[in-house]
Every structure is written in C-alpha cells, then in structure tokens.
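Enquirer: Turn these sequences into a full structure, and let the hints steer you where they fit.
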Amino acid sequence: MGLIDDKGKLFGKVNVIDLSVVLVILLLLVVGLKFFVFQEEKTALVEILMEKQPLRVAQSILPGDVEMDGDKVIAEVLSVDASPSSYRDDRAAQFEYDVFILVRLTVKEKGDGLFFKGTPVKTAKDIELQTNKTNINGRILSLGNTSSTQSTDLLLRVDNLPAALAAQVTQGLVEQDVLGKSVAEIRSVSSTPRGNLVDLALKIHLDARSRDGVLYFKNQELKAGNTLRLRTGAINLMGTIVQFGSISAQHQTFTVNVKVANVAPWVADALAEGSKEFSGDVMVAEIQQKEVRPAEVITYAQDGSIFKKEHPVNKDVFLTLKVNAVLYASEPFYKDAALQVGNQLPLTFGDVSIWGDVMQIA
Numbered sequence: 000m001g002l003i004d005d006k007g008k009l010f011g012k013v014n015v016i017d018l019s020v021v022l023v024i025l026l027l028l029v030v031g032l033k034f035f036v037f038q039e040e041k042t043a044l045v046e047i048l049m050e051k052q053p054l055r056v057a058q059s060i061l062p063g064d065v066e067m068d069g070d071k072v073i074a075e076v077l078s079v080d081a082s083p084s085s086y087r088d089d090r091a092a093q094f095e096y097d098v099f100i101l102v103r104l105t106v107k108e109k110g111d112g113l114f115f116k117g118t119p120v121k122t123a124k125d126i127e128l129q130t131n132k133t134n135i136n137g138r139i140l141s142l143g144n145t146s147s148t149q150s151t152d153l154l155l156r157v158d159n160l161p162a163a164l165a166a167q168v169t170q171g172l173v174e175q176d177v178l179g180k181s182v183a184e185i186r187s188v189s190s191t192p193r194g195n196l197v198d199l200a201l202k203i204h205l206d207a208r209s210r211d212g213v214l215y216f217k218n219q220e221l222k223a224g225n226t227l228r229l230r231t232g233a234i235n236l237m238g239t240i241v242q243f244g245s246i247s248a249q250h251q252t253f254t255v256n257v258k259v260a261n262v263a264p265w266v267a268d269a270l271a272e273g274s275k276e277f278s279g280d281v282m283v284a285e286i287q288q289k290e291v292r293p294a295e296v297i298t299y300a301q302d303g304s305i306f307k308k309e310h311p312v313n314k315d316v317f318l319t320l321k322v323n324a325v326l327y328a329s330e331p332f333y334k335d336a337a338l339q340v341g342n343q344l345p346l347t348f349g350d351v352s353i354w355g356d357v358m359q360i361a
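Per numbering that gives the first Met the number 0, the sequence shown starts with residue 0, numbered consecutively.
Keep in mind the hints are simulated off the structure, nothing from the lab. Heads up, a few of these hints could be off.
Claimed, not checked - Cut-off 16 Å, straight-line C-alpha distance, at most; resulting in silico cross-link-like pairs (EDC-like, lysine to aspartate or glutamate): (1) Lys202 - Asp152; (2) Lys289 - Asp268; (3) Lys107 - Asp68; (4) Lys116 - Glu75; (5) Lys41 - Glu75; (6) Lys109 - Glu39; (7) Lys124 - Glu50; (8) Lys71 - Glu40; (9) Lys107 - Glu39; (10) Lys132 - Asp64; (11) Lys51 - Glu95; (12) Lys258 - Glu285; (13) Lys258 - Asp280; (14) Lys321 - Glu295; (15) Lys321 - Asp268; (16) Lys289 - Asp356; (17) Lys321 - Asp350; (18) Lys334 - Glu285; (19) Lys222 - Asp211; (20) Lys121 - Asp211; (21) Lys116 - Glu127; (22) Lys334 - Asp356; (23) Lys116 - Asp68; (24) Lys334 - Glu290; (25) Lys51 - Asp80; (26) Lys132 - Glu75; (27) Lys258 - Asp211; (28) Lys275 - Asp350; (29) Lys258 - Asp268; (30) Lys321 - Glu272; (31) Lys116 - Glu39; (32) Lys41 - Asp111; (33) Lys202 - Glu184; (34) Lys258 - Asp315; (35) Lys222 - Glu290; (36) Lys258 - Glu290; (37) Lys41 - Glu108.
Expert: Here it is in structure tokens:
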C-alpha cells in the first residue's frame, strides 16, 4: 500500500486535504501568537517637535507629565525646550514657539518595528500623547539616544546694520526659551563702521540640539555659511555663521595699507613708524611706513557745485601696517572685524585711537 491511497488518505487513515488545512491553521496560530500575544514591551526615548505653538501650549507641558494606561505609566515627559519659531520674521511669529519634548515611551516591539498604542513609532511620523495635564500632538524627530542638547560656540557675522541698531547689540544679551532658560548668549561684539552702516562680528555661546550627528539651533542647521536668527529681549538679529564649534583660530600676517582721514596734526605726529599695538602679549599691528598729506575736504560753492580743497590744518595719514590677522573659515579678521578692502579697522597706538580705511591688502 502507498503512502496515499486512492481515497486521498495518508496511510489509509488521515485525509491529506484535511491535514493541510490543519497545518495552515496551526501556522496562522503561531504567527498570531507571536504578533498579538508575545509582543515584547520595551522603553524607547523619543524626541517630539510641536511647531508654531501659542505660548500657553508651550508653557503647559512640563517634565514629569505622564500618560497612564490604568495603573501603568506608558509615557513620561523627561525634558522640554521651547524657542520662538524661526520660520517667519513677522509680528505673528513672535507669539509662536517650537516645542521640543523628550519622552520615554512604553512601546511594543513587533517584527516590523515599534508601536505605541497601536501606532508605528518612526522618525517623521505624527504621534499623540494624552498626559494627565494636556494633549501632545507632534512629529517624531528622533528615536533612541540620537538627540541631545550640547553647548557650542560660533562666530556670527551681521552686516549692514544701522548704527543706532548696532549700538544696542552688546555683550551679555541672551535669548531665553519660554521656561526662562538661557539658550544663547552674546559673549563678545566687534563692530566695523561702513559709512552710516555697521558690520558686527559676534561670538555666541548657545545650546544646540544634536540629531544624527548634526547640530541644530531652533531647527536651523549650524554650518559655516548658513543663516542664523537670534532673538534677544532687546533686539532680533539675523547673520551668517562664519565658524562654529571650537573657534580655534589660525594666525596669518598681512601687509595692509590704510588711510586715516582728516585728523588733527598732533594725531598725525603721534603715529610714528615702528609703533605697535598689542592684544595681551600678542602684537596685532605695527606701523611700517607713514606718509602725511594735507587733508582733502569737500566744499560747496554758492552755485551748488562741489569741489575739493586742502584743509588749512588737518592731515590725511597713509599707513603701511603689518597686521597679525586671525583666520576663521579661511577668512581674515582683525579684532573680530572682517579684514576687507573698504572696511574700517580700529587701531590704537599708545594713547591714540583711530579708524583706518583699508585701501589695499597684500
């Protein structure tokens, strides 16, 4: 007798079709038990972003808020950071906040990922929590330990500010989040006048967020050449990042020709060849050559015509300087002011402080 007889029975006893059906059912039961009964529970750290929220929402979410499932905690808020929204600069944006929430979730791990209350937990997916105080509806920024807050420094260049506005930018200005925590501080300010406008170089210390190895401040990627917006209580600023991270500087010597225009004769006499300026123990500038000419001034005739004439007393002083500049991202700076033709350099030799117009750099 064969294994299967002419009636389709195995060993003449078990129907093969019935056996196949039973095996399929058993397989489905095993799979079902795996996914619906033996789901493994674990905890996961999740960073959630709630964008453009009103102040009352930003302030309503606090560390320690929890979501319960019966007597079991399934979600706990670990930390909250909030900053004014950086997407728009109009008046409405001043009342909108980006809220970053670090949450510890109790999730279930299935074969195709993590789930919270039956919803997939994945980067860029929406998630909803119902805590004992408020509802949290946001987008998942990161999972696990891929996000953290770390302090960093950067050099920010803010160009073409009106002089009155630039005067308000001072060392010690801070940006705070809605919880009153300082998230950015201006550590030093250097200004370069350009006619009626002023260029600023700001050293800023801030709390950045690291996501997958990339640093962000208020969703703005910290990268040389990128734009950064800073909102202090006194003034809002927007500038270009020159360098960030450890602001380690290289030094390079340049020969710079400057013109010190229309100064009193005693100032011209005081600017002697060989005079040096120091920053601490480091020499930053030395006068190598000097030429003095009568100052040229512009006058107006009664008919409105414009012409130049020599000032009867004042002098124009032309200096050749050896300048020890600092390189940030390959760009030279002198006293944190950009060393460029057309800019003005602040110079101090002994008791004489002057501004020199940069005419040539070699």
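Enquirer: None of the hints should be skipped; say for each whether it holds.
Expert: Comparing the hints with the structure gives:
no. : hint            : in the structure
1   : Lys202 - Asp152 : holds, 7 Å
2   : Lys289 - Asp268 : holds, 10 Å
3   : Lys107 - Asp68  : holds, 14 Å
4   : Lys116 - Glu75  : holds, 14 Å
5   : Lys41 - Glu75   : holds, 14 Å
6   : Lys109 - Glu39  : holds, 7 Å
7   : Lys124 - Glu50  : holds, 14 Å
8   : Lys71 - Glu40   : holds, 13 Å
9   : Lys107 - Glu39  : holds, 6 Å
10  : Lys132 - Asp64  : holds, 7 Å
11  : Lys51 - Glu95   : holds, 5 Å
12  : Lys258 - Glu285 : holds, 15 Å
13  : Lys258 - Asp280 : violated, 26 Å
14  : Lys321 - Glu295 : violated, 26 Å
15  : Lys321 - Asp268 : violated, 19 Å
16  : Lys289 - Asp356 : holds, 14 Å
17  : Lys321 - Asp350 : violated, 19 Å
18  : Lys334 - Glu285 : holds, 14 Å
19  : Lys222 - Asp211 : holds, 15 Å
20  : Lys121 - Asp211 : holds, 14 Å
21  : Lys116 - Glu127 : holds, 10 Å
22  : Lys334 - Asp356 : holds, 15 Å
23  : Lys116 - Asp68  : holds, 10 Å
24  : Lys334 - Glu290 : violated, 25 Å
25  : Lys51 - Asp80   : holds, 13 Å
26  : Lys132 - Glu75  : holds, 12 Å
27  : Lys258 - Asp211 : violated, 50 Å
28  : Lys275 - Asp350 : holds, 12 Å
29  : Lys258 - Asp268 : holds, 15 Å
30  : Lys321 - Glu272 : holds, 11 Å
31  : Lys116 - Glu39  : holds, 13 Å
32  : Lys41 - Asp111  : holds, 15 Å
33  : Lys202 - Glu184 : holds, 9 Å
34  : Lys258 - Asp315 : holds, 7 Å
35  : Lys222 - Glu290 : violated, 43 Å
36  : Lys258 - Glu290 : holds, 10 Å
37  : Lys41 - Glu108  : holds, 7 Å
Consistency with the previously given hints fails for numbers 13, 14, 15, 17, 24, 27 and 35, ordered from lowest to highest.
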